[in-house]
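Novice: If you want the building blocks of each chain, they are given just below.
Number of protein chains: 4
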Amino acid sequence: MDFIKIERDYLEVLTAWRRDFHQHPEPGWLEFRTSAIIADKLENWGYDVFVGKEIIKGISLGVPKQAQANVFYNKALESNIQAKWLEKMEAGKTGVIGILDTGIEGPTIAYRVDIDALPILESAADHHVPQKLGFRSQNEGFMHACGHDSHATIGLGLAEQLMKRKDQLCGKIVVIFQPAEEGVRGGSAIVSSPLLDNIDYLFALHIGTGIPKGTFVAGVDGFLATSKYDVTIKGVAAHSGINAEKGKNALLASAQAALALHSLPPHSEGMFRVNVGTLEAGNGRNIIPSLAKMQFEIRAENTDINAFYETKVEQIFKGIEAMYDVQVELEKVGYAINVPSDLQLAKVIKEVAKSQLSINEVIEYRDFKSGSEDATFIMKHVQQQGGLACYSIIGTDLAAGHHHEEFDIEEDDMLSALEIWLNVPFSIYEEMKVNE
Amino acid sequence: MDFIKIERDYLEVLTAWRRDFHQHPEPGWLEFRTSAIIADKLENWGYDVFVGKEIIKGISLGVPKQAQANVFYNKALESNIQAKWLEKMEAGKTGVIGILDTGIEGPTIAYRVDIDALPILESAADHHVPQKLGFRSQNEGFMHACGHDSHATIGLGLAEQLMKRKDQLCGKIVVIFQPAEEGVRGGSAIVSSPLLDNIDYLFALHIGTGIPKGTFVAGVDGFLATSKYDVTIKGVAAHSGINAEKGKNALLASAQAALALHSLPPHSEGMFRVNVGTLEAGNGRNIIPSLAKMQFEIRAENTDINAFYETKVEQIFKGIEAMYDVQVELEKVGYAINVPSDLQLAKVIKEVAKSQLSINEVIEYRDFKSGSEDATFIMKHVQQQGGLACYSIIGTDLAAGHHHEEFDIEEDDMLSALEIWLNVPFSIYEEMKVNE
Amino acid sequence: MDFIKIERDYLEVLTAWRRDFHQHPEPGWLEFRTSAIIADKLENWGYDVFVGKEIIKGISLGVPKQAQANVFYNKALESNIQAKWLEKMEAGKTGVIGILDTGIEGPTIAYRVDIDALPILESAADHHVPQKLGFRSQNEGFMHACGHDSHATIGLGLAEQLMKRKDQLCGKIVVIFQPAEEGVRGGSAIVSSPLLDNIDYLFALHIGTGIPKGTFVAGVDGFLATSKYDVTIKGVAAHSGINAEKGKNALLASAQAALALHSLPPHSEGMFRVNVGTLEAGNGRNIIPSLAKMQFEIRAENTDINAFYETKVEQIFKGIEAMYDVQVELEKVGYAINVPSDLQLAKVIKEVAKSQLSINEVIEYRDFKSGSEDATFIMKHVQQQGGLACYSIIGTDLAAGHHHEEFDIEEDDMLSALEIWLNVPFSIYEEMKVNE
Amino acid sequence: MDFIKIERDYLEVLTAWRRDFHQHPEPGWLEFRTSAIIADKLENWGYDVFVGKEIIKGISLGVPKQAQANVFYNKALESNIQAKWLEKMEAGKTGVIGILDTGIEGPTIAYRVDIDALPILESAADHHVPQKLGFRSQNEGFMHACGHDSHATIGLGLAEQLMKRKDQLCGKIVVIFQPAEEGVRGGSAIVSSPLLDNIDYLFALHIGTGIPKGTFVAGVDGFLATSKYDVTIKGVAAHSGINAEKGKNALLASAQAALALHSLPPHSEGMFRVNVGTLEAGNGRNIIPSLAKMQFEIRAENTDINAFYETKVEQIFKGIEAMYDVQVELEKVGYAINVPSDLQLAKVIKEVAKSQLSINEVIEYRDFKSGSEDATFIMKHVQQQGGLACYSIIGTDLAAGHHHEEFDIEEDDMLSALEIWLNVPFSIYEEMKVNE
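Protein chains in written order, with the UniProt record's numbering: chain B, 1 to 436; chain G, 1 to 436; chain D, 1 to 436; chain C, 1 to 436.
It should be emphasised that the hints constitute simulated quantities derived from the structure, not laboratory data. Accuracy of the hints is not assured; some may be wrong.
With beta-carbon atoms standing in for the labels, derived distance ranges [stated by the list, open to error]:
(1) C:L77 <-> G:I242: 31 to 41 Å
(2) D:S370 <-> C:I242: 45 to 55 Å
(3) D:L343 <-> G:K166: 50 to 60 Å
(4) B:G58 <-> D:L77: 55 to 65 Å
(5) G:I242 <-> C:K5: 35 to 45 Å
(6) D:S370 <-> C:K246: 25 to 35 Å
(7) G:D304 <-> D:L77: 53 to 63 Å
(8) C:K369 <-> B:I242: 50 to 60 Å
(9) D:L343 <-> C:I242: 23 to 33 Å
(10) D:L343 <-> G:Q344: 19 to 29 Å
(11) D:K57 <-> G:D397: 50 to 60 Å
(12) B:A399 <-> D:H403: 49 to 59 Å
Calculated pairs, SDA-like style, for lysine to any residue (alpha carbon to alpha carbon, straight line, at most 25 Å) [as the list claims (entries may be wrong)]:
(13) G:K433 <-> G:E105
(14) G:K65 <-> C:K318
(15) G:K5 <-> G:E430
(16) G:K293 <-> B:D325
(17) G:K332 <-> C:R285
(18) B:K318 <-> G:T232
(19) C:K332 <-> D:E245
(20) C:K332 <-> G:I242
(21) D:K318 <-> C:K318
(22) C:K293 <-> G:Q295
(23) B:K369 <-> G:K246
(24) B:K312 <-> B:Q327
(25) C:K234 <-> D:P266
(26) G:K234 <-> C:N283
(27) G:K234 <-> C:R285
(28) D:K234 <-> C:K75
(29) C:K234 <-> G:L121
(30) D:K246 <-> C:P64
(31) C:K369 <-> G:R285
Beta carbons: idealized from backbone N, C-alpha and C, even for Gly.
Construct the complete structure from the given sequences, taking the supplied hints into account.
Specialist: Structure representation (C-alpha cells):
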C-alpha cells in the first residue's frame with residue numbers, strides 16, 4: 001500500500017490553527033473556546049459532534065473554582081463563537097468527540113488528543129518564537145507549554161483529511177478531543193461516555209517529551225499510575241497566649257501528615273514515590289493555625305501499587321483527623337492508571353511510520369517511567385472490550401522543556417504525525433484482509 | 001491540754017520495724033509480706049483487721065506482671081508469716097485497714113500511710129547507713145527509697161500507742177496502710193472500700209520531700225493531678241528489603257506519637273506538662289518494627305486540666321492507630337487528682353505540732369507543685385462526705401534525695417511524727433467540746 | 001494640690017486629631033505622615049523636635065519591604081505636609097521625640113506613646129462608628145485597631161497643654177512618639193537614642209485592654225518577654241519524579257522545625273509558650289519544595305526565660321540547616337523584655353487618678369500576663385539609670401476587642417487620660433519638695 | 001576434561017564437620033573455636049596457615065562487646081583446641097587463610113567462604129533435624145541459621161581434596177575462611193591483607209537463598225550496597241516536673257531522626273531503602289530521656305548511591321546534634337559494596353556445573369537484588385588487580401528460610417558444591433592452555 005501524503009500547503013492551515021490555540025490557552029475543564037472551535041469545524045466537515053455535557057459522564061476531578069471558570073467562560077462568550085456550543089458546556093464538562101460513521105461494515109478506529117493548557121506565564125522574551133511571531137498567549141498566566149495546542153491541531157487536521165477520504169473508509173472513525181489532561185483529570189471522566197464503547201483500535205500521541213525530531217516511538221509503556229490530592233485541614237483558631245488549649249492546630253497536623261507521607265515504605269513490586277509539593281498553613285504569628293492546605297501526589301509503577309498507597313494516604317489523613325481533632329478534606333484532583341500499549345498495534349503503526357520520509361528512526365516500543373497520562377483510561381477501556389490501543393510519540397526539537405515558559409515545538413512535525421495517523425486505517429484494513 | 005509524749009525507748013521498737021521493712025522492700029501491689037506483718041500486729045493489738053481483697057474494691061491500676069508477682073508471693077510464703085493473711089491477698093489486692101471502734105459516740109479519725117517500695121537497686125556503699133548497719137535491701141533491685149518503710153512504721157506505732165490509750169478515745173480510729181502509692185496506683189483502688197466511708201477527719205503524711213529536720217508542714221496543697229500511661233503499639237513485621245510494604249511500622253508510629261504528645265499546647269488555666277519517659281521499638285536492624293512500647297505521664301495543676309489532656313492523649317493514639325494501621329493499647333497505669341488540704345484541719349495539727357519539742361518551725365500551709373499523691377482520692381472522698389482532710393510533711397535530713405539509691409532518713413523523726421499524730425485526736429475532742 | 005482640669009472643648013481638638021490619624025493609618029516603621037504631623041505641631045508649640053533618623057539609633061527589627069514602604073512614603077509625599085520632616089525619615093526610621101527644656105533645675109519627666117497601625121481591613125459596617133461618622137481608614141487593609149491613634153492624640157494634647165503651663169514647670173519634659181510597637185519592633189531601636197538618657201520619671205499608657213470605662217490601672221507588671229521570628233528556609237528544587245535526590249526539601253525541613261519548636265520543654269521558673277503561626281512552602285505538586293517560610297514567636301514570663309528559649313530556637317534551626325542541607329535565615333523581627341512598673345511611681349499616679357472625676361476605680365498595681373510591650377525597653381533603661389517608670393491603663397468601653405475590624409474606643413477617655421498625665425509633674429514636684 | 005568425582009563416603013566426613021560447627025555456633029568476630037579447628041586441619045594437611053591478627057589488617061566493624069567476647073573466648077579455651085591458634089586471635093581478629101603454593105608457575109585461584117553464626121535461639125522442636133539428630137546449638141541463643149556451617153565445611157573439604165591432588169595443580173590455591181559476614185563486617189577488614197593480593201580467580205558461594213535443590217547459579221550480580229549503623233544519642237537527664245528545661249531530650253531527638261531517615265528521597269539512578277530497625281530511649285516515666293540508641297541500615301542498588309545516602313545520614317545526625325544539643329555517636333557497624341560477578345568466569349563455572357550430575361539446571365547469571373554480601377570487597381579487590389571474580393549459589397531445599405529458628409539445609413548439597421569447586425582449577429588450566 002502506498003503511503004498517503006498530504007499536500008505541503010496544508011501545513012499552513014495547521015499552523016494557523018495551532019497559533020490560534022496557542023494564543024488562547026485555556027486550563028483543563030475550562031476549554032470553552034477551544035472546544036467550541038473544534039466542534040464547529042467538525043460539524044462543518046460533516047462529523048456527528050458531541051460536546052461537554054454530552055460526553056463527560058464520569059466524575060470530573062480537580063474542577064477549577066467557579067470564579068476562574070467564569071473568567072474563561074466570559075472570554076469564550078465574547079469571542080466570535082456559536083452560543084450553541086457554549087450551552088453544552090460548563091466547568092468540568094468540556095471537550096469534543098467527533099464521529100464519522102461510514103455506514104459500511106468495518107472497524108471502529110479512534111484517535112485521542114488532549115487540548116488543555118497550563119497555568120504558566122508565557123515568556124515574553126524576544127527570542128521566544130510565539131512572542132517574536134506575535135502569537136504569544138493572550139491569557140496572561142496561562143500557556144500551551146506542553147504542546148496540546150499542536151495535539152488539538154493534529155486531531156483537527158486528521159479529522160478533515162479523513163473526511164476528505166471518506167469514500168475509502170469503512171467502519172467508524174472517532175476523534176476524541178479530551179479535556180483536562182494536565183493533572184490527569186479528564187481521562188477518567190470521559191471514559192464513561194458510551195461513545196467510547198466498542199472501539200477496535202485506539203491511537204493516542206504526544207509530541208516532544210525528549211524524543212528528537214525525526215524519531216517516532218510507535219508504542220509506549222510505563223506511564224506511571226498516579227493520584228493527585230488536595231488536602232484541606234480545618235482546625236480551630238485560638239490566641240496562642242490567651243487560650244492556646246482551645247485551638248486545634250492545623251499546622252502541626254499538616255507537618256505530621258507531611259512526614260508520614262514521606263516516610264511511607266517502598267514497595268517490593270515496583271517503584272513508588274510521593275511528593276508533598278505545597279503546604280500553606282496559618283494566618284497570624286500568635287494565632288493557633290486553624291487552616292492548612294497541602295497539594296501532593298503519589299506515583300507508582302502500576303495501578304495496583306498506586307491503589308495500595310491510596311489506601312495508605314487515606315489512613316494517614318483519617319489518623320491526622322483523630323490526632324488533632326481537626327476536619328480533613330482529602331480531595332483526589334487527578335488520577336491516572338498504568339496501561340501498556342499493545343505491541344501488536346505498535347507494530348502496525350511502526351510500519352506506517354517507516355514510510356514517513358521525515359522520520360529517520362522508528363522505535364517500536366519504549367518504557368517511559370517518569371510521567372503519567374490519563375489517555376490510559378481510554379486505552380484500558382478499549383483493551384477490556386477486546387480492542388487494541390497504542391500510545392505513540394512524535395519527536396520534535398523543543399525550544400525548552402515541557403512546562404517551561406519558553407516551551408515551543410517545530411510546527412512541521414505536526415504534519416508528520418498527521419500523515420502517519422492518516423495512513424493507519426488503511427494499514428489496518430489491509431491487515432484485516434490478510435487475516436481473513 | 002498537755003502534749004502526750006511517748007517514752008524515748010519506743011524509738012527502738014520503731015527502728016526495728018522500719019529496718020525490717022527496709023530489708024524486705026516490696027513493690028506496689030505486691031506488698032504481701034509487709035501487709036501480713038502489719039495485719040498480724042494490728043490483730044494482736046486488738047484491731048479489726050481488713051486485708052487485700054477485703055479492702056481493694058476499685059480497679060487496680062498498673063498491676064505488675066504475674067511472673068514478678070509470683071516472686072514476691074513466694075518470698076512471702078517462705079517468710080515466717082501466717083498463711084491466713086496471704087490468702088486474703090493477690091497481685092493488685094494488698095494493703096491493710098485496721099479499725100479501733102471504741103463503741104463510744106465520737107468522731108471517726110483516720111490516718112493514711114503508704115507501704116510500697118521502688119524498683120531501685122540500693123547502694124552497697126560503705127557510707128550508706130543501711131549497708132553499714134546491715135539492713136540493706138535483701139530484694140536485689142528493690143529499695144525503700146521514698147521513706148514508705150518509715151510511713152508504715154509510723155502507722156504501726158500510732159496504732160499501738162492509740163490502742164494503749166483506748167480508754168481515752170471515743171468514736172473510731174481507722175489506720176489505712178495503702179498499697180501502691182508509687183506510680184499513684186493504689187489510692188483510686190482503695191477509695192471504693194466502704195470502710196473509708198464517713199470519716200470525719202483524715203490525716204496523711206510524708207517524711208522528707210526537701211523539708212529539713214525540725215520543720216513540720218501542717219497542710220499541703222498543690223499536688224499535681226496526673227495520669228500515667230503505658231502504651232503498646234502493635235504493627236506487623238516485614239523484611240525491610242523483601243517486602244517492606246507489608247510491614248506496619250510501630251517505630252515510626254511511636255515517633256510521631258512522641259512528637260504529638262510533646263507538642264500539646266499549654267493550658268491557660270494552669271500548668272500542664274507531659275513526658276514520654278521511655279520508648280522501645282523494634283527488634284532487628286532490617287525488620288520493619290512490629291512492636292513499640294512507651295511509658296509516659298501527664299501532669300496538670302488540677303484535675304480538670306488533667307482530664308482535658310487525657311482526652312487529647314486518647315485522640316492522639318486513636319489517630320496513630322489509624323495513620324499506621326496498627327493496634328494501640330493505651331493503658332492508664334497510674335492516676336492521681338489534685339485536692340487541697342483543709343486549712344481548718346491544718347490549723348489543728350499546726351497547734352499540736354508546735355508542742356512537739358523536736359519541731360522548731362511549723363508551716364501552716366504550703367503549695368507543693370512538683371509531685372503527685374494518690375492520698376488525694378481518699379482526701380476528696382472524705383471532703384465530699386462532709387469531713388476534713390489534711391496532708392502534712394515531717395521534715396528530716398535526707399542522706400540523698402527521694403528515689404536515689406542512697407536515700408535514707410533520720411529515724412528519730414519517725415517518733416516526732418508519731419507523737420504529733422497521737423495527740424491530734426485529743427485536740428479534736430477538745431475543739432469539739434469548745435464548739436458545742 | 002488642686003487637680004488641673006482642661007476646658008471641655010478641648011475634647012473636640014483631640015477628637016479631630018484622633019480621627020485624622022484614624023483615617024490615615026500607617027503600619028510600623030512607615031509612620032511617615034503621622035510622624036510629620038506630630039513633629040509639625042510640636043515645633044509650632046515650641047518643642048525641640050527630633051524625627052526618624054535622629055532618634056532611631058538601634059537596629060530596626062521587622063522593617064517592611066521597600067515596595068510597601070514606597071506606597072506609604074508616596075502617600076505622605078502627596079499629603080499636605082512639610083518635606084523637611086519626610087527627609088528625616090525612611091522605612092525603619094520614623095517616630096518623633098519632642099523636648100521642652102525649662103532651663104530651670106528640675107526632674108526630667110518623660111511620656112511615651114505609640115503611633116502605628118495594623119494590617120487589618122477596617123469594617124465598613126454601618127454600625128461601626130468610624131464608618132458611620134466618615135473617618136474610616138482611607139488606607140485599605142490598614143487600620144488603627146489597637147488605639148494607637150488615641151495614644152498619639154493623648155501625647156499631642158499633653159504636649160500642647162504642658163507647653164501652655166510652661167511657666168509652672170521645671171526640669172525637662174520629653175514626649176516620645178515611638179514607632180512600630182505592633183510586633184514589638186520599635187522599643188529596642190529607639191532606646192539607644194541619647195535623648196532618652198537621664199530620664200527621672202517615665203510614663204507609658206494604653207487605652208482599653210479589657211479595662212472598663214471609669215477604671216484606671218496605675219501600674220502594670222507582667223508584660224511577657226517575647227521574641228518574634230521570620231524564618232526562610234532555602235533548599236533546592238528538583239522534579240520529584242525525575243531526580244528527587246537532587247532536591248533539598250525545605251517543606252520537610254520546616255515540618256520538622258515546627259514540631260521541634262512546639263515540643264520545647266516547659267520552664268520551671270516561669271511560663272513559656274511558642275507558636276508557629278504561619279508556614280508556607282513549595283510551589284508545585286511534583287516539585288521538591290525549595291522554599292519555606294515560617295512566622296513564629298516565643299513568649300516567656302521574664303527576659304531570662306525568653307533568652308533561654310532564644311538559644312534553643314537558634315539550635316533548632318542550626319540543626320535543621322545541617323539535617324536538610326538547606327540554608328536557614330532566622331530573622332528576629334520583634335523583641336520585648338519584661339519589666340515591672342515601679343510601685344513607688346504607681347502610687348503617685350494612683351493618687352492623681354483618684355482626683356479625676358471620670359475615674360471611679362483606681363487599681364494600684366496589676367499583673368498582666370498575656371501581652372507584650374516594647375515600652376519595656378525604655379522603662380528598663382530609665383530604671384537602670386536610677387529613674388522610675390510606670391505603665392498605666394486607662395479603661396474604655398470597646399466596640400470590639402483589640403485587633404478586631406470593628407475595634408473602637410470612646411473618645412472622651414482620651415481627655416481623662418490626658419488630664420491625669422498633665423497633673424503628674426506637679427505631684428512629682430510637690431513630693432520632691434516634701435522629700436527635701 | 002573429565003569431571004572429577006569425590007567418593008560418596010566423603011559426605012560423612014563433611015557431615016561430621018558441619019554438625020560440629022552447627023553445635024558450636026560463634027557470632028561474627030568471635031569465631032575462636034571455629035577458626036582454630038579450621039586452622040588445625042589446614043596445617044595438618046600441609047597448608048600455610050594464617051589466622052586472626054595475621055589476616056585482619058583493616059578496621060573491624062561492629063566488634064561485639066568485650067564481655068560477650070570473653071564468653072566465647074573462654075568456651076574456646078575450654079575446648080580441646082591448640083592454644084597457639086587462640087593466641088593469634090582476639091575479638092575482631094578471627095578467620096583463617098590457608099595457602100597451597102605449588103611452586104609451579106600458574107594462576108592464583110582463591111575460594112572464599114564465611115564461617116560465622118547468628119544470635120538466634122535455635123528451635124528445639126522435635127521435627128527440627130538438628131534437634132532430632134542431636135546436633136542442635138550448644139550455645140544457647142546462637143545458631144548457624146544461614147548455612148555458614150556448611151560453607152566452612154565446603155571450604156575445608158575443598159582444601160583437603162585439592163591438597164590430595166596437589167601434583168595436578170600449578171600456581172597457588174588460597175582458601176579464605178572469612179569471619180563476620182553477618183552484618184557485613186568482615187569483608188572490608190580482611191581485604192587489606194597482603195595475602196589477598198594478586199589473585200587471578202576468586203570464587204565465593206552461598207547455599208540456599210531460595211534456589212531449589214538441583215539448581216546452580218553460576219554468577220550473581222546485584223547484591224545491594226549497604227551501610228549499617230548503630231547510633232547513640234546522649235542528652236541530659238532532668239526531672240520532667242522539677243526542671244524539665246535542664247534536660248536535653250534524646251528520645252525526641254531519636255524520634256525526629258527516625259522520621260528524617262525514613263523520609264529521605266528516592267534516587268533516580270537506582271533503588272534505595274532505609275530501615276530504622278530498633279530504637280530504645282529513656283529510663284523513667286518522669287525523667288527527660290538522656291540516652292537513645294538506634295540501629296538502622298541503608299541499602300542501595302550500587303555503591304555510589306549508597307555513598308550518596310551515607311552523606312545524607314551524616315547530615316541528619318549532625319543536624320540532630322545541633323537541634324537537641326545532644327551528643328551523637330554514629331558508628332558504622334557494617335558495610336558492603338555492590339560488585340558484579342565476571343560473566344567470563346561465570347561461564348567457566350557454568351560449564352563445570354553442567355557436568356555435576358546432581359545439578360539439573362544451571363543458571364548462568366542472575367540479578368539478586370534483595371540481600372548484601374561483603375565478599376564483594378574481595379571480589380572488587382581481585383577485579384581491580386586484573387583478576388576475575390564470581391559469586392555462585394548452590395541450591396538446596398531449606399527446612400525454613402534463612403535466619404529462621406528452624407533453618408536447615410540438605411547436607412548432600414555440600415558435596416555437590418565441593419565437587420564443582422574442585423573441578424574449576426582444571427577447567428581454568430585447560431582454558432589457559434587453549435588461550436595460549
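Novice: Would you mind marking each hint as holding or not holding in the structure?
Specialist: Status of the hints after comparison with the structure:
Taking 31 to 41 Å as the suggested C-beta distance range, the pair L77 of chain C and I242 of chain G conforms, at roughly 40 Å. Distance hint check: the CB atoms of S370 of chain D and I242 of chain C are about 26 Å apart, inconsistent with the given range 45 to 55 Å. Distance hint for L343 of chain D and K166 of chain G: a CB-CB separation of about 58 Å, consistent with the stated range 50 to 60 Å. The beta-carbon spacing between G58 of chain B and L77 of chain D, approximately 59 Å, falls within the hinted interval of 55 to 65 Å.
Taken as a hint, the range 35 to 45 Å holds for the pair I242 of chain G and K5 of chain C, whose Cβ atoms sit roughly 37 Å apart. Between S370 of chain D and K246 of chain C, the C-beta spacing of about 27 Å keeps the proposed range 25 to 35 Å intact. Look at D304 of chain G against L77 of chain D: about 58 Å separates their beta carbons, and that is inside 53 to 63 Å. Taken as a hint, the range 50 to 60 Å holds for the pair K369 of chain C and I242 of chain B, whose Cβ atoms sit roughly 57 Å apart.
Between L343 of chain D and I242 of chain C the C-beta distance comes to about 31 Å, which sits within the given range of 23 to 33 Å. Distance hint check for L343 of chain D and Q344 of chain G: the Cβ-Cβ separation is about 34 Å, which falls outside the suggested range of 19 to 29 Å. Between K57 of chain D and D397 of chain G the Cβ separation comes to about 56 Å, which falls inside the hinted range of 50 to 60 Å. For A399 of chain B paired with H403 of chain D, a C-beta distance near 51 Å keeps the hint of 49 to 59 Å intact.
The straight-line distance between the Cα atoms of K433 of chain G and E105 of chain G is roughly 13 Å, inside the 25 Å bound, and the hint therefore holds. Of the pairs offered as hints, the one joining K65 of chain G and K318 of chain C is violated, with about 41 Å between alpha carbons and a cut-off of 25 Å exceeded. For the hint pairing K5 of chain G with E430 of chain G, the CA-to-CA distance comes to about 18 Å; that is within 25 Å, so the pair holds. At most 25 Å may separate the alpha-carbon atoms for a hinted pair to count; K293 of chain G and D325 of chain B meet this at roughly 24 Å.
Annotation: proposed proximity of K332 of chain G to R285 of chain C holds, straight-line Cα distance about 13 Å (limit 25 Å). In summary, the hint linking K318 of chain B to T232 of chain G is supported, as the alpha carbons are separated by about 20 Å, within the 25 Å threshold. Distance check on the hinted pair: K332 of chain C and E245 of chain D sit about 22 Å apart at the alpha-carbon level, within 25 Å; holds. Proposed proximity of K332 of chain C and I242 of chain G is supported: the alpha carbons are some 23 Å apart, at most 25 Å.
As the CA atoms of K318 of chain D and K318 of chain C are separated by approximately 10 Å, the hinted pair is consistent with the 25 Å bound. In summary, the hint linking K293 of chain C to Q295 of chain G is supported, as the alpha carbons are separated by about 17 Å, within the 25 Å threshold. Proposed proximity of K369 of chain B and K246 of chain G is supported: the alpha carbons are some 24 Å apart, at most 25 Å. Restraint check for K312 of chain B and Q327 of chain B: the C-alpha separation of about 18 Å stays at or below 25 Å, so the hint holds.
Our distance criterion of 25 Å between C-alpha atoms is met by K234 of chain C and P266 of chain D, whose separation comes to about 20 Å. For the hint pairing K234 of chain G with N283 of chain C, the CA-to-CA distance comes to about 21 Å; that is within 25 Å, so the pair holds. With a C-alpha separation of about 20 Å, the suggested pair K234 of chain G and R285 of chain C falls inside the 25 Å cut-off, and the hint holds. Between K234 of chain D and K75 of chain C the alpha-carbon distance is near 58 Å, which puts this suggested pair outside the 25 Å criterion.
This hinted pair checks out: K234 of chain C and L121 of chain G have alpha carbons roughly 23 Å apart, not beyond 25 Å. Restraint check: the Cα-Cα separation between K246 of chain D and P64 of chain C comes to about 37 Å, which exceeds 25 Å; the hinted pair is violated. With a C-alpha separation of about 18 Å, the suggested pair K369 of chain C and R285 of chain G falls inside the 25 Å cut-off, and the hint holds.
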